[in-house]
Every structure is written in C-alpha cells, then in structure tokens.
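A.B. asks: Residue numbers (numbering that gives the first Met the number 0), protein chains in the order written: chain Z, 0 to 307; chain H, 0 to 248; chain L, 0 to 402; chain B, 0 to 426.
No lab work stands behind these hints, which were simulated from the structure alone.
Mixed in with the good hints, there may be bad ones.
[Said to hold, decoys possible] When the alpha-carbon atoms are kept at most 16 angstroms apart in a straight line, the in silico EDC-like pairs for lysine to aspartate or glutamate are as follows:
| id | chain 1 | residue 1 | chain 2 | residue 2 |
| --- | --- | --- | --- | --- |
| 1 | B | Lys376 | B | Asp364 |
| 2 | L | Lys249 | H | Glu131 |
| 3 | B | Lys249 | Z | Asp7 |
| 4 | B | Lys249 | Z | Glu204 |
| 5 | L | Lys213 | L | Glu27 |
[To be verified] Taking beta-carbon pairs under 7 angstroms as the criterion, some of the chain Z residues facing chain B (in silico):
| id | residue |
| --- | --- |
| 6 | Ala14 |
| 7 | Gln16 |
| 8 | Gly17 |
| 9 | Leu23 |
| 10 | His103 |
| 11 | Arg106 |
| 12 | Pro108 |
| 13 | Phe130 |
| 14 | Glu134 |
| 15 | Met144 |
| 16 | Gly145 |
| 17 | Thr150 |
| 18 | Asp151 |
| 19 | Gln267 |
| 20 | Val284 |
| 21 | Gly288 |
C-beta atoms are modelled at their ideal positions from N, C-alpha and C, and glycine is treated no differently.
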Amino acid sequence: MLGDYTPDQLLSIFAMQGFAGLILFSVFVLMALGLAIIFGQMGVINMAHGEFMILGAYTTFLTSKLFALYLPALFPIYFFVAMILAFIAAGALGMLVEWALIRHLYRRPLDTLLATWGLSLILQQTYRSVFGAREVGVELPQWTMGAVSLTDTIEVPINGIFVMVLTLLITAAVGLLMYRSGWGRKVRAVVQNRTMAGAVGIDTEKVDRMTFGIGCGIAGVAGSAFTMIGSTGPTSGQLYIVDTFLVVVFGGAQSLLGTIASAFTISQTRSTLEFFTSGSMAQVVTLLGVVIILMLRPQGLFALKVRR
Amino acid sequence: MTGSNTDFLLAVEALTVSFDGFKAVDDLSFYVDEREIRVIIGPNGAGKTTVLDLICGKTRATSGSIKFRNRELTKLRENEIVQAGVGRKFQTPSIYDDLTVFENLEISYPRGRTVFGALTFRRDAAVRERVEEIAETIFLADQLERRAEFLSHGQKQWLEIGMLLIQDPDLLMLDEPVAGMSVSERVKTAELLHRIIRDRSVIVIEHDMKFVEDIARKVTVLHQGRILAEGPMSDVKANPKVVEVYLGH
Amino acid sequence: MPSAPAPATGPAASPAARDESTLFDTKEWLAFALVAAVILVVFPLCLDAFRLNLVGKYLTYAYVALGLVLCWGFGGILSLGQGVFFGLGGYCIAMFLKLEASSAANTKIQSTPGIPDFMDWNQITALPWMWQPFHSLPFALLAVVLVPVLVAFVIGAAMFKRRVGGVYFAIITQAVAAIATILIVGQQGYTGGINGITDLRTLHGWDIRQDGAKEMLYFVNAGLLIGCILLAQFVKRSKFGRILVAMRGKEDRVRFSGYNVANFKIFVFCLAAAFAAVGGAMFTLQVGFMSPSFVGIVPSIEMVIYAAVGGRTSIFGAIWGTLLVNYAKTSLSESFPQLWLFGLGALYIGVVMLFPDGLAGLWNSHAQPTLDRLLGRRPTPAVQGPASGATQPATLPPQTAAE
Amino acid sequence: MSRDHDDPISSPLRRKLLQALAAVPAAGALGTGTLGLAASRALAATSPTSGVNTTGLAVTDDTVTVGILHSVTGTMAISETGSVEAEKLAIEQINAQGGVLGRKILTIQEDGQSDWPTFAEKARKLLVDDHCAAVFGCWTSASRKAVLPVFEQYNGMLYYPTFYEGLEQSKNVIYTGQEATQQILAGLNWVQDEKKAKSFYLLGSDYIWPRTSNKIARKHIENVLHGKVVGEEYFPLGHTQFNSVINKIKLTKPDVIYAIVVGGSNVAFYKQLKAAGIDLSKQTLMTISVTEDEILGIGGENIAGAYACMKYFESLKNPNNEKFVPAFQAKYGKDAVIGDVTQAAYLGPWLWKLTCEKAGSFDIDKIAAASPGIEFKGAPEGYVRIHENHHLWSKTRVGRARPDGQYDVVYETADLMEPNPFPKGYQ
C-alpha cells in the first residue's frame, strides 16, 4: 500500500503515525500509572480500576454542566478544575475502599481480585442508576478541538497533545513523589518490609491508605482526560481493564520505569500494526504477542526478579 | 565450568552466584564426605543459606559446579535433586499448614511422585508403618491427626525434620534447626539430631555454639561469600580471623 | 525402604488409619447422595419441562465450578479464562450439529449449499479444512475434550514450567479470554461471529429441540455431571488432592519433597478445562446454540463466583453454589433488575470477606454441629465420628476448622 | 420446521423467496388499514373466542395476551429501552381505541438480560407457558438468532424492530426495521448524486451487521456507482483508539467516510475525528449506525454535519409523526428522543392489530398468511406495507446531524424501497 505515495507523503504518514502511537502511549501510561502504584507497590489487584477512571469522567461531566450553568465565562478552563475534582473524588473513594475492603485482604491477592470485581459491578450499577444507562456526552471547551498543523501534511490533534503533556506532568509528579519525597520513601519502606517499617514508626496503615488513594486518584485524572477521546458510560471502564493490566504486568509490575517502557512498546506495536493491518487484527496480534512474551519471560520486560 | 569427579559425596567447586552484581557466594569450594557432619557458621549475610539454596536448586548458580556423587546438580530441577538424595530443611518451618501431621509425612514419603503415581497412590501398610515410625522419632506420634498449623513452633520444626527423614536422603541439609526453640525443645532436638545424623551426611547451619561443638567434627566458616576458615572446631575457634568477624561478636 | 504394597489393614487403633481407600467418607456419602437425589430425582419430578431445561443449563455451569474447585480451591490456581474452555467444548459440538443441520437439502437456497448459512453469507464457498472432520460425531466428541485440554496444556505448560502463578496467571488467562472473544467475533466466516452458531436441530437425526429430547439430555447432563463429581472426588481423595492443597500453601516445600510441581498444576488445569468443556458441550446440546458471549472476561469471572459461593474447596458446594447463584440471578433480575447487579457485586465482596468458605463453610460451622447434636442424641451411628473438622481437615481454611 | 426441509418445493421459505425475487409490488395495493380501524368494534361483537383462537393462544372473550421481550438489564439495556417504551405506547393507544378484535391487549414483559440464551429461554416461556399471541422484541441479531428456532418450533409470531443485515426470512417473524439494502443503496445513490462522491472509506465495528452492510455497500459502489473503495476496516467492539484509521483517512482523502461503528466506540470515533481536525461540514461522512439515541452519548457538537441514512428521524414532518412525537414525550418525558428503531418498534403492535383484523383471527398461521399486503397509514415514518417476505416496504431518508442532536431530513426516496433480504448481486 505504500507504493501509492510520494516520499513526502510517506514522511507525513510516518510522522502522523508516530504521533498516533505517542497518543496511544500516553493513554496507556495514564491508565496504567495508578494501577502500577497499587499493584506494583501494594500487590493489590484492583479490578475496579476502570470504574475509578469512569468516576473521574463523570466528575468531569458534572463539572462541565455546573460551569455551563453557573460560570459560562470560565467554561474554557473548567477542564483543569474538573481534573482536580476528579483526582479528589476518585482518591477519596479509593481511600474509603481501602479502609472498608482492601486492608482486610492484604496477602490474599486473588481475593482482592474477586472483591474488587464485585466492587466494580456495584460501581457500574451505581453509575447506571445515577447517570442513566446511556453514555453521557461531555461538552469540551472549544480550544481542545481541532488539530495543529506542523507542516502542510502533518497534523496533530490538540487533545492528543494535551493528553501527552498531562501524561508527562503526572508521570513526573509520581516519579518525584515516589523517589524524591519523604512520603515516597515511606511507601517504599512499607513495600519492602512492612514489619520493620512499622517498627521504626511509620504508620503503615496510613501509608497504605494514601498509596491506594493516590493510585485511584490518578485513575480519576486519567478518566477525566479520556472524556476528550473516549466514551463515558457505566461500563466504559471495563473496556480498559485487560489492556491496563497487561501493560503493568508486561512492564514488570514493580517498576514505574518498566510500566512506561511497556506502555511504549505495546502502543507503538499496536499503532503500527493498526496502520498496516486493521484494528481488530492489530489488537489480537498485540495481545497475543504480549501473552506469548509473558509466557516466555514471566517476570515482564524490565523487572529483575520473578515475583511469586 | 564442570568440576572433576571425586570420591566425595558432595563436591562444591568454584561456586559463584551474584544478585545484580552482588556476589553472595564467591568462588566457593568445599567437599563433604560420606557420613560426614559439616557445620557451616558465619555472621549474618555471609552466604550460608544461599549455599544451601544453591545445592538444593532453589537458587541457580551463576557459575561453578556442585556434584553430588559425581552428578552435576546445578542443571537439575529441585525435585530431581531431592530424588537424587538431597533433603533440605528451611530456616523457618516449612510444612503444610492445611494438612494433618500424618498427611504431611505421607506426602514426603518417596513413592508416587509423578502425577499418575499420586493419583494411584494407596495408603498401604508400608506407608502407615513408616509414617508412624517417623512420627515416633520426631515426638509426634500422638499428634498424627492434628492439623499441622496448630502445632507449636518446635513441633513444626520437628515435623519438617520428619518430612526429610521419611525421604531417607543421603545428604541432609538443616538450616538453624534449633532456632526459636524453648530450652526443653532444644534438648530434645539435639537428641533427635544425634539420632538421625548417624547414617548419613549432614550439613548444618547453626549459630548456637554449644550445639555446634556438640555435633560438629568439621566446621566451615563463611564470610562475605567466601571461606574464611575450615577445620575442626577447636582450630576454627582459635583462628583470630574467625574470632574477629564472628565469634567475637 | 519398606515398599511392599499390602491391603489397607494397617494398625487399626491409630486414628491415622482412617480409611482413605474409599471414595467417600460418611459425610461425603450423604452429601453426594443428596446432590444425586436432587438432580436425578427431585428436579425431574418437581419441575416442568421448561424449568427442567433451565436447571439443566445451570448445571452445565456447575462443571466449570467443579473444575475451579480443584484448580483454584485446592490448587490455588485461579483461572479467569474458564469461559474459553467452556466455549471451545461448546463450539466443538456446535460445529458437528451445525454441519448436520446444513445438509445440502436444508441449505438449497444458499449460493453454496451444504455449508453452514453464516459461511455462505461471508462468501465462503467451501467448507474450511478445520470444519471438515466435524462431520464425524466421534471426532466431535473427542474434540470436545481434547481441543480445550490441548489449549490448557499449552498455556499451563508455558506458564507453570516458568513458575508463573497467582495473580499473573489470572491476568494472563483473562487476556486469553479477551483474545478468544475478539477472534471468534472477528472471524465470523469460520465461527459465526457474534451471533454464534445457531439453529442447531438434530443429533444423528434425533431432534434435540423436542421436549422429550430435552428431558433426555437433562439426564445425560446430570449423569455426566455426577461422573465428573466422582472423578473430582477421586482426585480430591487421592494423594494428588493432598499435594494440591500442599502446593497451594507451600509450593517450594512440595518441590523439596521431590515433586515436579509444574506437572501437577498442568494436570489439574487441564482437568478443569476438560470439565468446563464437557459443560460447554452439554450447554450447546441443551440450549441449541453457542455464542462468544460465554467465552469472554465477564462470563469467565462470573463462573468463579459459582465456585466461591459454594465454598471454593467443596466439590458438592460447587453444585449448590452454581444452582443458587443462577436461581437468584433468574428470579432477582426479573423482579429487581437493579438490585441484581448490586447483589452480585455484594456477593463477590461478601464471599471474600465474610464467608470465604461459602455455603460449605456455613454448613460446616452452623448446620453440621446442630445436625450432629440432634443426631448424636439419637442412636444413629451414621454420622458419628471425629469432630466435624476432622473428616475434611485438609480442605478447610482456618476460620472454620478451628476446633 | 422440519417439514420445510423435507419438501423444499412447498417450503414457505422458498416460496416466499421466489416471490420476493419476482417482485410483486402491486400485491400490497389492497388497503386494509382504514377498513381495519373502522371494523374493529364490529368484529369484536361478532368474533367468539373459539373462532378467533383455534390454537390455544392466551385469548379470552375480552383480552388477548402478548409478550414484550427486550433487555432491561445488561449492556443492551441502553439500546432496547426505547423499543420497550414505543411498544408499550402503541399497545396503550390500541387499547384506548378498543383493542384488537374487541379484546384488550395484556402484556407480559420479560427481560432478556442482554444474554442470548436468556432470550431463548424467555421466548420459550412466553410461547409455551404464556401462549402469547404475538411477541414484540429482540434488538441484536444475536438475540434474534437465538430465539428464531424457538419461534419456529412453537409457532409463535415475533415482531422484530431493528434495522439489520438481512439474510433471513421466516414465517414466524415480521421485520419492522430495514434490512441492509433498504438502508444502504438509496443513501449511496444520493451521496453520489449530491456530493459527486467517487471514493469511499468503509469502516465499522467488527461483527456481522457492519461487515455485511459494508459488503453490500462495496458491491454497490463498485458495480453500480462505479466508484472506488479506498479502504475498509473493522475494530473490535468497545475499541476506543481511532487515530490510526483517522490518519489513513487523511491520507486517502476519500470523498465519503462510510462509518458503521456502534456502542461506546462510536463516541470515541466521532470525538477523535473532530479532534483530528476533520470537519464534517467539509468532509462527507455517512453512517447507518447513529440514531438520535446514539447522539446523546456522542454529543451533538461532535457529529454535527454527518449524514445518517435511516427510514425515520424524529424531526420528520408529517401528520402522523406530529402526533406520535408529542404522545411519546408526554408519556416518557419531554427529553425523550426517538430513534429509527424506536419508531420501528412502535409499528409492531399496530401491524399485528391490523393483521389480526384482516385475518379475523389470532391464529399464528393465519396471521403469517395475512401479513403480506398489510398497510399501516398511521406510521410516524409515513405509509408502510408488509412485503411477502415479511419485511416492510418503506422509504429511505438521509438526515444531516445538527448540533442539538436532531437530524435535518435532506432527502427521502420518492417511492417505498422494496425489502430484499437476500439481495442478488450483493452477496
């Protein structure tokens, strides 16, 4: 199919495909980051991760309605407020869930899997009861629409750039938080040796709750950002679960860097395949590839040790 | 790298393992005779447990060779090493909490170890007798129907020893067998060990010096993954280097 | 080393001599008799043809739950992809039935008569090679079990040999379920796509849509299920069952007792796959079609809850759990559709947090002591024996077994 | 059912097919619609139950029981709710006019739970236990495929509302929605005439309806319109990343994007299309999968300018629709929107009533035989008529999406389009 194009066009194809891949990469990172913290640091399988994302999306939806109603002048910037609210809402729910459910289930990862699946069903039904079964349309500020033309033939959608920048910021923030802040040290201490961390005066319960809350909060922000590119409905979150888990596992669970690298690998593969084959085949081939690689290299791409 | 053939029961040669560049065991060589009792001592982090892990296959060597009756162990899977005649007791009691004492011992009984064998395994008289005999040895004859999880710490240690005994290994490796025991349990364990080390080779890791002196003929002192000293207890005890890094503390 | 096998007549005085050579102990006999009586006698007598068919459908899920009890309850291997095996089994028999329903005479109006209608709609002009052997019933029956077992073997061998377990295994099986669904839906020319393989009519000329046939199939289904229960019970009572339990807690120790753990896991995973596949095949026969909606992630996880509600380590609990959850689903979702999803969600949480041993646990901790007390007063020797925990000690987690 | 196959010459299926191919549009000319309405009460008085019900249906002297079978729970509940509402509204209106053959309609509603075996089960229940005289229901093809053998085995009557891929015809089903050619061909003709379109990019969700529809579209574009298909692509259900295909679209610059994406993917697709700078006021996009219902989720501003090819739009101007829309909104709220399928579902009870009155009976065989030629002049979409192949003759319309979520009707075919579920030359 490439024979039909001039070299110039080919260049723009590759450039635009590269951006498409980068956008997909950002989406994956945003999805996986919260989960990587929760799963990687706490060993908890949060099957309701997608529902936390959708909570963020619904928060954005409500915020947009409120702004349209009461603060129409500020509508263009409502999105930033919405993201903060999404973080708070999802984070607060996350902490509540940690307190009510998760803390009783540490060391029983398969049970957290089932319990959070139950939670996801309950959340879905709650969304359905509150917001209706149909997807809601989130009205976006005008500036998020359209594309930036880099050259005559290379165009990049603004919302894609927005998601990329957001991903960069959040990743940097999480990195700082985990590796440069006192709180991050505490988290890592608790992960490595819970008893010892407790003994030296770290409130492990509080650290757990905060970690879980922050992981869920990031999911909320991701959900908020996804209103730009995806759908917001009661069951939309479920669509993300498989991809998200595979990204985290493929990256090697415990390492943040691994998660990012794995998101990059998977997104670029899929985006390239999508271009040369079709959407369905691309997804099957990518999933299959990831599963086969995981079978051959169960520790994931970048982890140093096998966790059992 | 493959080691040469020897008359030793166990020949460890040039054994090295590194974790992310850190050499936990560094170019280690030592030999264990048939029916020898070898005690390994050394400060924390000296690599004692890692050596046992390497021999029993739990950890894979980076280089070097481990030969058991001139059979290379580094390439075998754990279960094959066990079937070759090496038994291992872990530092913290590693038993099956959800099973009874009887079932714990029965699982360790060396018959029906394949899938098909396990499906067709029958609890016949030979099995029962052997289980009861071992239970007698490890002071648990009256606890056979008890779930292992409800045993005391000392009893769990004994049970694990019993699980090794029923395998009847030629080389028995014990990692701190008396750690965490009460005084009376400790006495009984010493007595138990004395009985079971009689007709096989044993490698013991132990911190309890009195216990070590009691059973050891030859001691290997490890420090930072290497052998610091080796020889009869009395020699080792007098070795100034050993005193400095270990005994002096 | 003493090794002369002898009949089980060891020292009788010791409690250790409790007889494990029989398939059931007394309590299990009762549980088995109850299950068999209910599904073979009570249901057929009390339910009309419609309800009986419904229960028959529920029971096909019980095969999956049964497999999960062995695989997850005993072995600690949680597969979130059992729907794949259920589906594969179902598709294998559906392919045979579809070919029989697509005789040249029945499909005259197609541009290519003699091939399934959905192939014709997808411009396929000749029967694909992988469909060819499904003209033969023996092959199809064999494939029902062998194809899923082969898939399970490949997955299991790859994963367990490399010691992937627990959560990782669960996530990968889930991905497999996702892949299977996308493939089945996408390759509609070969699989019938999202509609599945529908309009199945006869099995060797025997019209499976008639009430009589459905009743017959119910009994075949119930019989096979009882066969699978017996097989599961055999595995549980054998040393294999105890090794599974041992593996669940201390995998390393089992290795150092001289067992190749991976082989045991592969076997039990394949067995669970085979059970699920038989269930899928019976589903197809009783319901009359197979579709990708039983293969995906959601149905696969839902099947886990059947086993969990019954009590993840209870073979008989799996049957009751499946029946109960499905009954609740059918009746609750009719009258309170909203409530049902809340209820199902709460069920997952409750069964994990409050009743980890499900129905079986509740029975053992509440009903059984009462029953023992009642029966203890009467001169009934049947249920006498060691205290309730002792007959099934291997399988009960601490909460209920505390004596 | 087996009879059909043992003796193919007399098979009703085959006979109808032959008739369909022979195309006999004149057959429907004999109107029964007005006659039926007027005669309803007279018939009631003169039709004893034993006469109108010889097959043990749930008919008494003053009631007749029908079933409604849709998903009220599960993933399909979103789509099927509108159909349930429309069917209930129609039944209510019919009852207000005196019912069918003088009998009030009672309904039994069952929930298919978005689960195909459940649909089959409930269909069996409605037919075997409840002896429903007719069932209005199903939405997805998968659910229809699941219940079809049940309806054929127990001889029931299903009124199926959704536009679908065709390739099916049964004595026991009346298809009140369009089969694929009715939805596609006229729209493509229009877009070629109006937009001088030569090149088309086909895409859709990966399952039978979009694939079959695109297949028909491709044949029509290549063989009839002599245009070019520059790309054809499918995405798994629930797919949310369309940037790659949007790039391909930008590169191939098709005159028309022909999109049959469904569900949540729809939302993502149109948002990303807009974000990528593809302006639907300049780039022609035609869809057959977005009704007013779907726009609620997509957001009107994201899809404004796109063309949809349907038989009904809520904004349609005709006397019937001007009564129907307010009636619907009076019952279900003023925000309720009415899509193509909802309107088709509304037709079901009315068509059944008219057929009963023509046949003078509730018996399924008589209904099936009397159906061809039944006309309904009160349809919100305008005049419709049942074809010998049990599908409806109806017009095809093209609407242009407005930012407020409604469509402006920009074109409608002059004549009714003939339903042709097994289109020769398109397979």
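A.B. asks: Each hint: holds or not?
C.D. replies: Okay, the hints, checked on the actual structure:
no. : hint                     : result
1   : Lys376(B) with Asp364(B) : violated (24 angstroms)
2   : Lys249(L) with Glu131(H) : violated (23 angstroms)
3   : Lys249(B) with Asp7(Z)   : holds (14 angstroms)
4   : Lys249(B) with Glu204(Z) : violated (53 angstroms)
5   : Lys213(L) with Glu27(L)  : violated (30 angstroms)
6   : Ala14                    : violated (10 angstroms)
7   : Gln16                    : holds (6 angstroms)
8   : Gly17                    : violated (10 angstroms)
9   : Leu23                    : holds (6 angstroms)
10  : His103                   : violated (30 angstroms)
11  : Arg106                   : violated (34 angstroms)
12  : Pro108                   : violated (26 angstroms)
13  : Phe130                   : violated (11 angstroms)
14  : Glu134                   : holds (3 angstroms)
15  : Met144                   : holds (6 angstroms)
16  : Gly145                   : holds (5 angstroms)
17  : Thr150                   : violated (13 angstroms)
18  : Asp151                   : violated (12 angstroms)
19  : Gln267                   : violated (11 angstroms)
20  : Val284                   : violated (12 angstroms)
21  : Gly288                   : violated (16 angstroms)
Violated hints, in rising order: 1, 2, 4, 5, 6, 8, 10, 11, 12, 13, 17, 18, 19, 20 and 21; the structure is consistent with all others.
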